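Residue numbers (UniProt numbering), protein chains in the order written: chain A, 1 to 444; chain B, 1 to 444.
Hints are supplied without guarantee of correctness; some may be wrong.
Identical copies look the same in the list; a pair holds intra-copy or inter-copy alike.
Stated by the list, open to error - Taking lysine-lysine and the BS3-like style, the derived pairs with C-alpha atoms no more than 25 Å apart in a straight line are:
#1 K61 with K177
#2 K177 with K187
#3 K187 with K61
Worth flagging that the hints you see were computed from the coordinates, not collected in a lab. Since the model is a prediction, treat every value here as computed from it, not as a measurement.
The lines below spell out each chain.
Protein chains: 2
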Amino acid sequence: MTAARKREIHLNLNILNVGVYGSAWRWPSVDPAAFVDPAHYIRCAQIAEKGKLDAVFMADKPGLVDHPQYRPFQALDPLVVLSGIAATTSHIGLIGTASSSYNSPYNIARRFASLDLLSGGRAAWNIVTSAEIEIARNFGRSDVTAHADRYAIAREFVEIVRALWDSWEDEALIADKAQGLLLDISKIHPIDHQSKNFSVAGPLTLPRSPQGRPVLVQAGASDDGRNLAAGVAEVIFTLSQTLEKSIDFAADIRRRAASFGRVPEDVVILPGLCTVIGDTEAAAQARRRELEELVPAEYGLARLAGTLQVDPDLLKLDEHLPEDLPIPVNHNQTMFAGTVAIARRENLTVRQLIRRLGGGAGHRIVAGTPEQIADDIGTWFAAGAADGFNIMPDVLPEGAETFVTEVVPILQRRGLFRTEYEGSTLRDHLGLTRAERGRFSTAI
Amino acid sequence: MTAARKREIHLNLNILNVGVYGSAWRWPSVDPAAFVDPAHYIRCAQIAEKGKLDAVFMADKPGLVDHPQYRPFQALDPLVVLSGIAATTSHIGLIGTASSSYNSPYNIARRFASLDLLSGGRAAWNIVTSAEIEIARNFGRSDVTAHADRYAIAREFVEIVRALWDSWEDEALIADKAQGLLLDISKIHPIDHQSKNFSVAGPLTLPRSPQGRPVLVQAGASDDGRNLAAGVAEVIFTLSQTLEKSIDFAADIRRRAASFGRVPEDVVILPGLCTVIGDTEAAAQARRRELEELVPAEYGLARLAGTLQVDPDLLKLDEHLPEDLPIPVNHNQTMFAGTVAIARRENLTVRQLIRRLGGGAGHRIVAGTPEQIADDIGTWFAAGAADGFNIMPDVLPEGAETFVTEVVPILQRRGLFRTEYEGSTLRDHLGLTRAERGRFSTAI
Chain A
1 MTAARKREIH LNLNILNVGV YGSAWRWPSV DPAAFVDPAH YIRCAQIAEK GKLDAVFMAD
61 KPGLVDHPQY RPFQALDPLV VLSGIAATTS HIGLIGTASS SYNSPYNIAR RFASLDLLSG
121 GRAAWNIVTS AEIEIARNFG RSDVTAHADR YAIAREFVEI VRALWDSWED EALIADKAQG
181 LLLDISKIHP IDHQSKNFSV AGPLTLPRSP QGRPVLVQAG ASDDGRNLAA GVAEVIFTLS
241 QTLEKSIDFA ADIRRRAASF GRVPEDVVIL PGLCTVIGDT EAAAQARRRE LEELVPAEYG
301 LARLAGTLQV DPDLLKLDEH LPEDLPIPVN HNQTMFAGTV AIARRENLTV RQLIRRLGGG
361 AGHRIVAGTP EQIADDIGTW FAAGAADGFN IMPDVLPEGA ETFVTEVVPI LQRRGLFRTE
421 YEGSTLRDHL GLTRAERGRF STAI
Chain B
1 MTAARKREIH LNLNILNVGV YGSAWRWPSV DPAAFVDPAH YIRCAQIAEK GKLDAVFMAD
61 KPGLVDHPQY RPFQALDPLV VLSGIAATTS HIGLIGTASS SYNSPYNIAR RFASLDLLSG
121 GRAAWNIVTS AEIEIARNFG RSDVTAHADR YAIAREFVEI VRALWDSWED EALIADKAQG
181 LLLDISKIHP IDHQSKNFSV AGPLTLPRSP QGRPVLVQAG ASDDGRNLAA GVAEVIFTLS
241 QTLEKSIDFA ADIRRRAASF GRVPEDVVIL PGLCTVIGDT EAAAQARRRE LEELVPAEYG
301 LARLAGTLQV DPDLLKLDEH LPEDLPIPVN HNQTMFAGTV AIARRENLTV RQLIRRLGGG
361 AGHRIVAGTP EQIADDIGTW FAAGAADGFN IMPDVLPEGA ETFVTEVVPI LQRRGLFRTE
421 YEGSTLRDHL GLTRAERGRF STAI
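With the rest of the complex left out, here is chain A (with noise of 0.2 Å):
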C-alpha cells in the first residue's frame, strides 16, 4: 500500500495561539484576546485550507501553566474548537491534542470518533501524557505521576482507543426500514478490557468513518515516548534543530517500527519548524529581531528556567547555562534537550539565548524569504530528514497567511506540495489508505 505512494511533502499548521513567539500578541497586526476567541482559530484554519495544507494542530493544557500572564496558552479545549473548524471548512485536517491521563478511554473515543464523522473522516488524536504538576492537580492529583508509569497507561490507553474505535464491523448499520432492523448487533463487539489501570465493556456508539479511524499523533522524543510513537503514531511532530539529527531520528523512528511489525514509511515524520518571512533576508532578520525584542523579559528567563527545571536564580543573563543541567524526569525532555543544544553549540549566553528562543520552544526557526524557506523545506524534505513540517509562524494569523500566499506556490511550481485536494479524508492527505478494521490486542 505504500510502494506506489508517490512522495509529496505534508505540511500542517500548528495553530499556536497568536504565533510561535512569546511576544506575537504585541505584534501590531495580532488582536491580543484573540488566543481565547475561537474564531480566530477557525480564520487560521480557513487560511490553511486555502494553501491545501494537510491539517491545522491544537495542542492543549487543561490547565494555567507557562507564566499566562506574560504570553497567550492553550487556552480553549481543543475539540470544541476543531469542532468548529470541521463544520465550517471541507479539507483540512483536524489534530487536537487530549491527556491519556486525565480522560476516560471511553470519551476519548467518543469524541473524536464524532469529529472523524463530524468532518467525514479528517479527525486525528494528538496523544499526549501532560507533565505539568499544575494540570494534575486539576484532576485530583497532588503529583505527576512518574514518567514510565504516565507512558505504559498511555500506551493501553491507546489500545482500548483504537479497539473502541473498530469495535463495529462496517456492515453492523444495516438500517432495513422493511424488516425494521436497525442495526445487526452481531457485528457490534465489545471489547471487554479488564486491568489494574482500566475497565472498559465497549462497544462505542458509533460506527467507523470514512477514513476507518481516526489518525493518531504522537511526539515522543525520550525512549518510552519514540516507542510509543513508533508502535502506534501515524504521525509524529518532532524537534530537530539540525538536518542530521532529524535524519538519525527518522531512521531510529522507523527502525523501531520495523521492529514492531509497521511498515516504517507509514510513519509521517513533521519536524516543526517556525517560520519569519520577509520580502527580503534582511527584512525578515529585523522582523525576527523585533520579536525578540518584544518578547518579555521576565517571561523569558521564566520560560527558560521552566524549560530547564531549574531555580531561575541559577541562570545568569550574561553568563551560559550552568553545566551540569540535569535531564529533567517529569518534564518536556524535547524541549529540554532542544533548548540545551541550541546554547551549546551557538555558544550562547542567557540572555542571548532567551532572545535567540523568543519563546519559541527551542523548535528550529527559519527567517528569510518566501524562496528561502521553500529551499529549506525542500533541502530537508529531499535529504529524508522530514516527511514536511509542523509549520508554527511567527505571529497569527498574519504568518499563516504569508506562508500560504507566498511560500506555498513556490512549492507547488516546483511539483513537491499538491495544488489541490486529491481526496476528502485526513489519510487520503498524508498518503495513507483508509484504516483496516484492527484486532487489536487489549490485554496488555
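Dock chain B against the given chain A, drawing on the hints supplied.
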C-alpha cells in the same frame, strides 16, 4: 431583575435523533443513518433557528443502551455536534447533556466554557447522573452508584464547575501590549476544592462569556432530583401528562427554589411535548397511528420492560400492567412514573400501552392541526403549567420543519412568541440577565 420581565413562551427543540417515535427512522422521508450523521443535527438546529426557537437540546448516553438494534440512540458526543452547530448558526441556544458520574469537573467546565465562547454566549449544560449499567461498565465501574450518592456527587460537581466558570474576574484580561502584560493574575482565582470525591485546584484557563457562564439545565423528578434542579438549574425539563400535575410540579419547584434563596421566576420550566402535526385532525391522528404501527413489536416490549425494570416475560400483551410494580431505584424514575400513569389513567393493556407510547418515553403527545398544537401550548402557558416546551417532533427533520413553518407563526400572531431574537445569548432568549460572578462555595 425578573419583575419587569415580559412573560413569553420559551421553546426548545429536542433533537432526539430522527424523532421521538421509536419508528421515526422507518418513516419515508427519513434517512435511517442520520442518527450518526452530524449534518442531520446541524440541519435540525438551523430549522429551529429559522423558527426563532430559544435553543436546541442534545441528550446523551455514552454507551449502547435501549435495544439499539431496533431504533436510533444518542450515538454522537453532544459537545462535538453542538460545537459544529455553534459555528454554523448565530442565535440558537445550545443545550448539551454531560454526566456528572463519568467526567471530570475540570474538563466539563472547560468544554462548556469553550462552547460558550465559540457560540458567543449560547451554551447550556444539562446535568445528568447516568443510571444505566451499560454506561457504568464503559467507565471502570461494575455497578451503578446508588441514586442518592450520584445526586450528592452531582451537587458537588456542579458547585465545582460553577466556581471554575467564575474563576476569572472580568477585568483579568488586560492585554496591555505596551507594558507586555497579558493578564492580571491577581484577578484569576484558584478554587482549591478538596473533598473525598474531588480535588480541583483551578483556576480555569478561560475568561467568562458574553452571558457570564453557561446556563444550567436539569430534569430531576425524584426528591433528590427536584432539589438539584431547584437549587441550581435555570431551565428544567420535565415530563408531565396533565395540566394539573404540571402546575403542581411548577409550584413545588418554585417553592424549593425560594427555599434555596433563589428568585422562583428565574427557573424556566419546560415540559416535554411530542408533536404529531397534520393538515386536519384526522390526518394527524392517521399519522400518529401509522407511526405507532411502525414501532418494531420486539422493541416496544423490550423498551417497556426496561422502563419498568421488569422481566419482559412478566408483561402479557393483552393484560394490564402488574399492580405491584416497585419504583426502580437506579433507573429513570421520570419515565417510569409517566409510563405507569398513562397505563392506569387510560386503562390500557400492555399491547395498547406499547402502541400508545410509540417509543416516546412517556412524554405527552399532542396530535392535531397547527392551530390545535398552538392552542394546547397557549393553554398550558396561560395556566402557569409551563414556561414553554421541550418540543419533541414525531419525525426529524420533517416534524421540526412543520412546527416552525406552521405552529410558530400562529404563536407569533397571538403575541406569545418572539418574531425576532431580541438578544444574542441564550440567557437573553430565556429572559435571564447576564450571570453575575458568584461566590460559589466549593466546600460541601
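Hint-by-hint comparison with the structure:
Proximity of K61 to K177 under the C-alpha cut-off of 25 Å is restricted to the inter-copy arrangement: shortest distance 24 Å between copies versus 46 Å within a copy. Taking CA atoms no more than 25 Å apart as the test, K177 paired with K187 passes inside one copy only; the shortest distance there is 18 Å, against 58 Å between copies. Taking CA atoms no more than 25 Å apart as the test, K187 paired with K61 passes between copies only; the shortest distance there is 20 Å, against 38 Å inside one copy.
The structure shown violates none of the earlier numbered hints.
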